[in-house]
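Respectively, the protein sequence lines represent chains A and B.
Mapping to numbering that gives the first Met the number 0: the first sequence position 88 is 87, numbers consecutive.
Mapping to numbering that gives the first Met the number 0: the second sequence position 117 is 116, numbers consecutive.
Just so you know, the hints here were simulated from the structure itself, not pulled from any lab data.
A couple of the hints might just be wrong.
Far from chain A by the CB rule (all over 12 Å, computed), these chain B residues [claimed, not checked]:
1. LYS1
2. HIS36
3. ARG395
4. THR412
5. ALA436
6. VAL488
7. GLY499
8. ALA600
9. ALA635
10. ALA640
11. LYS835
12. ARG855
13. THR870
Sample of chain A residues facing chain B (criterion: CB under 10 Å; computed from the structure) [to be verified]:
14. PRO61
15. ASP94
16. ALA356
17. ALA359
Predicted model only: the values in this text are computed from it and were never measured.
Glycine is no exception: its CB is placed at the ideal position from the N, C-alpha and C atoms.
Spelled out from the first residue to the last, the chains are:
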Amino acid sequence: MFRFVHSSDLHIGKRFGNLPEDLRGRLREARHQSIGCLAGLARANGASVVLLAGDTFDTETPAPAMLRQSLAAMGDDPAIRWIILPGNHDSRVADELWRTALQHVPANVRLALEPEPVDVAPGAVVLPAPCTTRRPGRDLSEWMDGAATDDGTLRIGLAHGAIRDFSEEGSGSDVLAPDRAARAGLDYLALGDWHGLTRIDARTWYSGTPEPDRFKHREPGRAIVVSIEGPGAEPTVTPAETGAFHWRMLDLRLFGDEDVNEALAQVLPTEMRRQTLLRVAAQGRTRLPAKAELNAAVEQAAPDFAHVIYEDDALATVCESGDLDRIDHAGALRQAAETLLAESDDPQRAEAERDIARGALARLFSYCEEAPS
Amino acid sequence: MKLRAVRLHNVRRFAGRGVAIEGMGDGVNVLSAANEHGKSTSFDALHALFFQPHSGTPKAVQSLRPYSGGSPLVEADIETEAGRFRLTKQFYAGKRAGVVDLASGRIMAQADEAERFIAELVHGGSGGPAGLLWVRQGITGIENRSPSEKEEERKAREGVLASVQGEVEALTGGRRMAQILDACAAELGELATATGRPRAGGPYAEALEERDRLASEEARLEADVRDLRNALDARRKARARLAELEDPAETAARQQARVQAEQALAQARAHGEKLHAAEARESLARHNAEAARAALDTFRRATQRVLDLQSQETAAIARRDDALARRLEAVTASDNALAAAEQAEVAEQEARGLLARLDRALRAREAAERLKQLRTRLAEAEAAHKQIEDGQAALRVAAVPADTVRELEGIETELAGLRAAEAARATTLRIDYEDGAKGQLTDGGAPLPGGTERPIHGTAQFDIEGIGTLTIRSTREGEAADGKLAKAVERRRSLLEQLGAESLRDVRERQAAASAKAIELETARRHLALLAPQGVAELRAEIARLQDLPVPEDQTEANPEAARQAHAAAGEKLAAARLAAREARPVRDKAEAAVIDAEKALSSIAAERAVAEAALGAEEGRADRAGELQRVCETAEAAFAEAKAAAETLRAGAPDIDTVEATLRRTASAVDATAKEAASLREQLADLNGSIRTRTDGAVEEIWRETAERRAAADTLVRRFEMEVAALTRLRRALEDARTAARDLYFEPVMNELRPLMGLLFDDVSVSFNDATLLPELLRRNGQDEPVDVLSGGMREQLAILTRLAFARLLARDGRPAPVILDDALVYSDDDRIEKMFDALHRQSRDQQIIVFSCRQRAFERLGGNRLQMTEWRPEQG
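Please work from the sequences and hints to get the whole structure.
In structure tokens, the structure reads:
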């Protein structure tokens, strides 16, 4: 039985410039730590090989120290073999990267820079399809069909790229054949590029990233432990959580009459808050005071988390006369509020103008709350 | 709307119990109770009933809840034009709102509908106050202020205008508005300047700067990354190229090609030298052969030429002799023609001379004839001239001026008239003789005829025959009186004398004679004009000219016509002779030219023949020389053919030296270029390595991506600030607009309402109002004017009440009567002033419900009005 760990898209060196300064360092460090995490996963499961299906490094020219440290981290446990495949971010074009890597690569790390069989274990051969450029424009896994291996050897494909138009980079020109495993008689095809864990068929999997870097995939960072009994046997695939940070996207759907504090409390995660990045997307309808309340509630909750992004663009504000009463029952303030309300609902006006009126009204409301009658 | 009753249960201190204030009437209602009896609680509960939604729990509602908890219940009975209703609200648990029609006991509305019903009651319209007017304990307005603020305000006395304005704003929401506007402006001010631009140093400007800085940083890094990628590409290419260049098999092949090319070139050069020598020999032989052939040809041509020239010379001599003969003939003919022409010319001159003489003689005769005629005419002309002069002299004598004649005729007519008048006036004597009378009356001897009247002037004496002398004396002075007649007679006499005539008749005769003379004179003039149209002097000049004409010396008697014909014939002859001479001339010229040509041709042929003869040499050796030349030529040509064949063979075998050289150059340059390119590539690689290392060591790509992400984040922030500024700006504008509208709408009407009320308040002092501001300006107290620019606390609270009363009047007038509720509103006022206020309230309360809560029981006893009591109350369903 052959057992290995399949992972991809470590994107080591990613900087997260759009996030707050103090968080960036932690996120970068977490990406580096995922190497140790994968090694630990392999050890725990008795796997001797880790396959990295591309995008191990975020750029073609990583900082030399970071590159060296990554390779050194892989070299920590000589019992584990690492196979590194160039992906689209760190394609073969990045010759500086790979040249430096070759100079410093530890004995237990193999850079799969050429499409040629790599013996990874007795009776197990990896057929890598390294990305030649950022966009090779052809199916690089095609060569696997004709790659000869000894009888009774496990054939494990290793490739990076989209099999459909769901590439992380959004281009669909150079897709991999989804049935490559069948065509090339592979026992398993380890794919990278898509950051979420995805099963294509019994023998073809995207491992997803071990450490998420965006809100797109609503799942934690994971890697796959694959066990294959022997040639032709269906592999056993076991996903395992590896991520240090959770990127959670919360949909807060409001109907206008609920207690927004409660509604928010219900969706907010209670555990690992320090390790959690949140994107709270409020949608539906709410009353003017509730909107302000929700804002305050999110602000109140935010410091618990690594980072919170609150979006209420999709949250329509419903304004009733009772809400305006909280501004004033009558008088000039009420007058101003009504003017703004009318303006924000006026279909004759440009959307931007209505948004401004809406914002102004919300602001007036919060001022009035602060200066009660 | 009017309030009739208020009930509350489970509110603040009334935990688990209730209290009711009922029986509120129109006009002034007073609830006077000590503090802590629940007046303010009732007031607040009433406020909550009208203004707090039953479902919410804001601070105002929270404050109603007893410490022990529970659900506050508030109830009010009201009366409007539509009827009497009971409004009920319960907060917290069991929260509800309801409206019951008291007449029928029917539930009119519940929950939100009830809220709407209540809102309708208190709704304030455009910026106006609510349908309930409140004044709360000790302060003006119902805003929530901190105790220290109240203290401050008590100290700071405000002007009337400021106070009233403040009250108007308090009622139209203006006080809070000011706070909110301030907050809004402060927040906006941090972000943007007054003109909406980002404020320097503010967070917005900082975000913009950061964004711009990041954007430029990103652009710079992007360029760096591009450079890096280009460098990497270039290095990859350079490396591949270098590997190609340094391929050992290729290098060896290039070297070998060059060696081979060099060898080929050496061989080609040796062959070339041999060929060169052979070609030199060939060239010499060709030269020799050609020279020999030329000498032979020249000799043969010269021989032939001498023969030709000899025959040509013979022909030329014949042609020259012929020309000489023709020239002689032509010269003779030409000379003859010239002589004939000269002869004809002489004859023609003679004929012309004769003709001229004949002509002159004819003209002389004609001139003599004319002279004779002219002389005759001159004589006649001179006679005519004499006649004219005489006529003119006679006419001068005979002429009578026409006006003198007319004057004479006038005088004559006048005289006749005068005489007739005289005769009519004068004394007359008439005698009529009897037939057969013998005597006779005579005047100076002349018998006086009978039957006629004889005028008598002065004294007249008549002799009567036989009788004596009759004297008749007339005393009348007829004519002498005016003397006209005498004057006319005298004038006539003088004129006649002037003319030298006896009478008018005489004058007329002379006039006729002068006329005849004038006709005669004119005739003579015309005759003279005919004879000498240009005058006599001209005629004389003509005669003189003709006289001076020379008279021809000889008089030829030849016939002029014959002479003219002879002259014409001579002319024709001359022309013919000249033509002949002219024709002869070219023939002669041509003949002379032909002679010259013939001589020239002959001499040139002779000269050429001499040269040719000289080239051939002596006549006798000519055949030998020809044979010798022939032999030499044949030998040289044979030698040349041999040399040519030798060279030809070498040429055919010669390699193309250019091609061989080009091959060498190519192979050599291939080797050199490869070496050079390899060296250059190595240099380039060194440079690229350096450039790439500096960038990869700095992880430029990672930094670029990071910067791009940071820039995107900065963009978002900037957009948020933009939105913030836009929203705040919009809010500020909306608030300012609303405030201005409310002020404009209410301030003046309220002032108008306020004025009479103020008069009431200040009735112990006289107040003068400013017409423009409608505000009290001067206060006359104890005979002294004080300006009303500051107000005491008491006056301010009075003003607050009055303002509400003024508003109430406005609302009432608007058809929306609103109760005025005062909760210990007069705490700073002294009793005296309070009474005045009471008066004002009563005066107002005629058409206005006023509800007064007060703890000043004694002072308020004097207020009168409807006394209210608080009674225990328990809601129907507890």
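Here's how the hints hold up against the structure:
1. LYS1: About 19 Å separates B/LYS1 from the closest Cβ of chain A, which puts it past 12 Å; holds.
2. HIS36: The assertion about B/HIS36 holds, with a minimum of 25 Å to chain A.
3. ARG395: The claim stands: B/ARG395 keeps its Cβ more than 12 Å from every Cβ of chain A (closest is about 128 Å).
4. THR412: Since the minimum Cβ distance to chain A is about 125 Å, B/THR412 lies beyond 12 Å and the statement holds.
5. ALA436: 160 Å, holds
6. VAL488: Nearest chain A Cβ is 134 Å from B/VAL488, so the label holds.
7. GLY499: 135 Å, holds
8. ALA600: 100 Å, holds
9. ALA635: B/ALA635 clear of chain A: closest Cβ-Cβ about 81 Å, beyond 12 Å.
10. ALA640: 76 Å, holds
11. LYS835: Given a closest Cβ separation of 30 Å, the condition holds.
12. ARG855: Holds, because the least Cβ-Cβ distance between B/ARG855 and chain A comes to about 27 Å, which exceeds 12 Å.
13. THR870: Check passes; 30 Å lies beyond 12 Å.
14. PRO61: 6 Å, holds
15. ASP94: 6 Å, holds
16. ALA356: 6 Å, holds
17. ALA359: 4 Å, holds
Hint compliance for this structure: every hint is met.
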